[in-house]
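Asker: Protein sequences, first through last, are from chains F and R.
Just so you know, we're using my numbering here: the first sequence kicks off at 1 and counts up by one.
Just so you know, we're using my numbering here: the second sequence kicks off at 1 and counts up by one.
The set of hints was computed from the structure by calculation and includes no laboratory data.
The C-beta atom is built at its ideal place from N, Cα and C for all residues, glycine as well.
Among these hints, one or two may not hold up.
[Unchecked claim] Quick list of the computed label-pair ranges, beta carbon to beta carbon: (1) F:D97 to R:G184: 21 to 29 Å; (2) R:A21 to F:N87: 26 to 34 Å; (3) F:N150 to R:P227: 28 to 36 Å; (4) R:L182 to F:Q103: 56 to 64 Å; (5) F:K135 to R:P80: 51 to 59 Å; (6) F:F101 to R:D158: 47 to 55 Å; (7) F:V20 to R:D164: 48 to 56 Å; (8) R:T87 to F:K135: 46 to 54 Å; (9) F:N150 to R:Q147: 23 to 31 Å; (10) R:Q148 to F:N150: 41 to 49 Å; (11) R:A52 to F:N63: 39 to 47 Å; (12) R:R61 to F:Q78: 18 to 26 Å; (13) F:Q103 to R:T46: 23 to 31 Å; (14) R:P80 to F:D55: 25 to 33 Å.
[Stated by the list, open to error] Cβ-to-Cβ under 7 Å is the rule here; a few derived chain F residues that face chain R: (15) L34; (16) I50; (17) I51; (18) F106; (19) L148; (20) Q149.
This is what each chain is made of:
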Amino acid sequence: MKTFSRIVQVIIFSLIAGIVINQFHSQGMSWRTLILPAFSKYGLVETNMIIVSADSALVLFNNKSTIFIDVRKNEDFQIDHIPLAHNIPSSSIMRADFSDFDQVIFKNNVLLYDQEGDLERLKLISNVWPSQGEKRVYILFGGYLSWLQNQNPVEFDG
Amino acid sequence: MIRKSASIAAVLLFFVIQSFAQKFELLSPPIVDLGTVVEDTIAQGTIKFINAGDSTLIIGRIQTSCGCTVAELEKREYAPGDKGEITMQFNTKGYSGMARKSVMINIDKGSPARVRVELQTNVKPLLEVDPSFVNFQEASLNDKEIQQNLKLQNNYTDTLKVSDMETNIPGLEIFPKNFLLLPGASENIHLIFVPDKEQRLNGYIDVKVEQPVSRLKRIPVFINVNP
Numbered sequence: 001m002k003t004f005s006r007i008v009q010v011i012i013f014s015l016i017a018g019i020v021i022n023q024f025h026s027q028g029m030s031w032r033t034l035i036l037p038a039f040s041k042y043g044l045v046e047t048n049m050i051i052v053s054a055d056s057a058l059v060l061f062n063n064k065s066t067i068f069i070d071v072r073k074n075e076d077f078q079i080d081h082i083p084l085a086h087n088i089p090s091s092s093i094m095r096a097d098f099s100d101f102d103q104v105i106f107k108n109n110v111l112l113y114d115q116e117g118d119l120e121r122l123k124l125i126s127n128v129w130p131s132q133g134e135k136r137v138y139i140l141f142g143g144y145l146s147w148l149q150n151q152n153p154v155e156f157d158g
Numbered sequence: 001m002i003r004k005s006a007s008i009a010a011v012l013l014f015f016v017i018q019s020f021a022q023k024f025e026l027l028s029p030p031i032v033d034l035g036t037v038v039e040d041t042i043a044q045g046t047i048k049f050i051n052a053g054d055s056t057l058i059i060g061r062i063q064t065s066c067g068c069t070v071a072e073l074e075k076r077e078y079a080p081g082d083k084g085e086i087t088m089q090f091n092t093k094g095y096s097g098m099a100r101k102s103v104m105i106n107i108d109k110g111s112p113a114r115v116r117v118e119l120q121t122n123v124k125p126l127l128e129v130d131p132s133f134v135n136f137q138e139a140s141l142n143d144k145e146i147q148q149n150l151k152l153q154n155n156y157t158d159t160l161k162v163s164d165m166e167t168n169i170p171g172l173e174i175f176p177k178n179f180l181l182l183p184g185a186s187e188n189i190h191l192i193f194v195p196d197k198e199q200r201l202n203g204y205i206d207v208k209v210e211q212p213v214s215r216l217k218r219i220p221v222f223i224n225v226n227p
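Excised from the complex, chain F in its bound form (with noise of 0.2 Å):
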């Protein structure tokens, strides 16, 4: 029973401090990407997250009310990537690192999306995603990829 009591013990401190680490760490989650998915899964954390399809994200991209985050690695964004799309990449939306961003970007619409539409992945990024206000934050179903098969426009770096 000491054993076991010991076991927890040291399970629970290597817990505590691998969070502390992280909280330190320059390639560490923030304490909301850590966090908030739990509550999240119980309803417990308001999101204004809306799925869309390619065909509704191009009419988003007409109306000009929305600005596109594409969360890839910037080296597939310079490949290419959805004309005026700004590129945050997943890692530094996970560490909660948006000094580099100009931050009129979180005070308007979002639609954020990725190579593939991982829907978990992307969740996780918009309930992180630090919007200001009553802003809409749109997740593109198929990323990237759903854009491209659409023929939507596209735009080239280099």
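Since the structure of chain F is already known, use the hints to place chain R on it.
Answerer: Structure of chain R alone, referenced to chain F:
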């Protein structure tokens, strides 16, 4: 004096290295588009390149982004002005819609050190679902019921048998739940949802197929009932 001589030697060495450079230059676009292919086939494409430098270029490992893609090179060493081809094959089994796979070419002797090429293809699924997900996110409590049709198309060369359609969403009705589809034929699936309380529900519809192969196709369902 010694420092000055060393600096001049370094500059000269730099120019010598520059003049005997090996340069990998793509002759094809960095995105190789293979067009539309049917699921469960092999899509094939080639990348053409040239050694645009003036000494021998040596290509090292060629890495692909998944096990479904293979890339082959005819030889490793290319003399100045030599052209080469990399053949790439992508197995589309289990894929549907647009797919993109990366091929990374590592260059052992030459520049740049790595070149990335994308293999792109539009995979036509054998069991096609249109639209690809069920969207009831603009539902309201004022709606008595919301309806949507899903089109299932058989792109197999044999008759397709759907034995059941199940959902984990309470209150979502589906019909028909079992039917036969001849090759090339399609069936409209009727969905009805009655919003009874303000809620967000994310789930799926599973299409169970018995023929010509036993498989399960999952269609995502997103429901958001607003006040």
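Asker: Evaluate each hint against the coordinates.
Answerer: Evaluation of the provided hints:
At about 52 Å, the CB distance of D97 of chain F to G184 of chain R disagrees with the hint of 21 to 29 Å. In this structure the hint that A21 of chain R and N87 of chain F lie 26 to 34 Å apart at CB holds, the actual value being about 31 Å. Checked against the hint of 28 to 36 Å, the pair N150 of chain F and P227 of chain R passes, with Cβ atoms roughly 32 Å apart. Taken as a hint, the range 56 to 64 Å holds for the pair L182 of chain R and Q103 of chain F, whose Cβ atoms sit roughly 58 Å apart.
For K135 of chain F paired with P80 of chain R, a C-beta distance near 57 Å keeps the hint of 51 to 59 Å intact. Look at F101 of chain F against D158 of chain R: about 52 Å separates their beta carbons, and that is inside 47 to 55 Å. Range check, V20 of chain F to D164 of chain R: about 50 Å between beta-carbon atoms, so the 48 to 56 Å window is met. The hint said 46 to 54 Å for the Cβ distance between T87 of chain R and K135 of chain F, and at roughly 48 Å that hint holds.
Hint check: N150 of chain F to Q147 of chain R, Cβ distance near 24 Å, so the stated range 23 to 31 Å holds. Look at Q148 of chain R against N150 of chain F: about 19 Å separates their beta carbons, and that is not inside 41 to 49 Å. At roughly 45 Å, the beta carbons of A52 of chain R and N63 of chain F sit within the given window of 39 to 47 Å. A hinted range of 18 to 26 Å for the beta carbons of R61 of chain R and Q78 of chain F is consistent with their spacing of about 22 Å.
Range check, Q103 of chain F to T46 of chain R: about 46 Å between beta-carbon atoms, so the 23 to 31 Å window is missed. In this structure the supplied range 25 to 33 Å is violated for P80 of chain R paired with D55 of chain F, their Cβ-Cβ distance being about 50 Å. Taken as an interface hint, L34 of chain F does not check out: its beta carbon lies about 22 Å from the nearest beta carbon of chain R, beyond 7 Å. A cut of 7 Å between beta carbons decides the hint on I50 of chain F: the least distance to chain R is about 6 Å, and the hint holds.
At a threshold of 7 Å, the smallest CB-CB gap from I51 of chain F to chain R is about 5 Å, leaving the interface hint in force. At its closest, the beta carbon of F106 of chain F sits 23 Å from a beta carbon of chain R; the interface hint therefore is violated under the 7 Å criterion. Proximity of L148 of chain F to chain R holds as hinted, the smallest CB-CB distance being about 5 Å (cut-off 7 Å). Annotation: interface hint on Q149 of chain F holds; nearest CB of chain R at approximately 4 Å, less than 7 Å.
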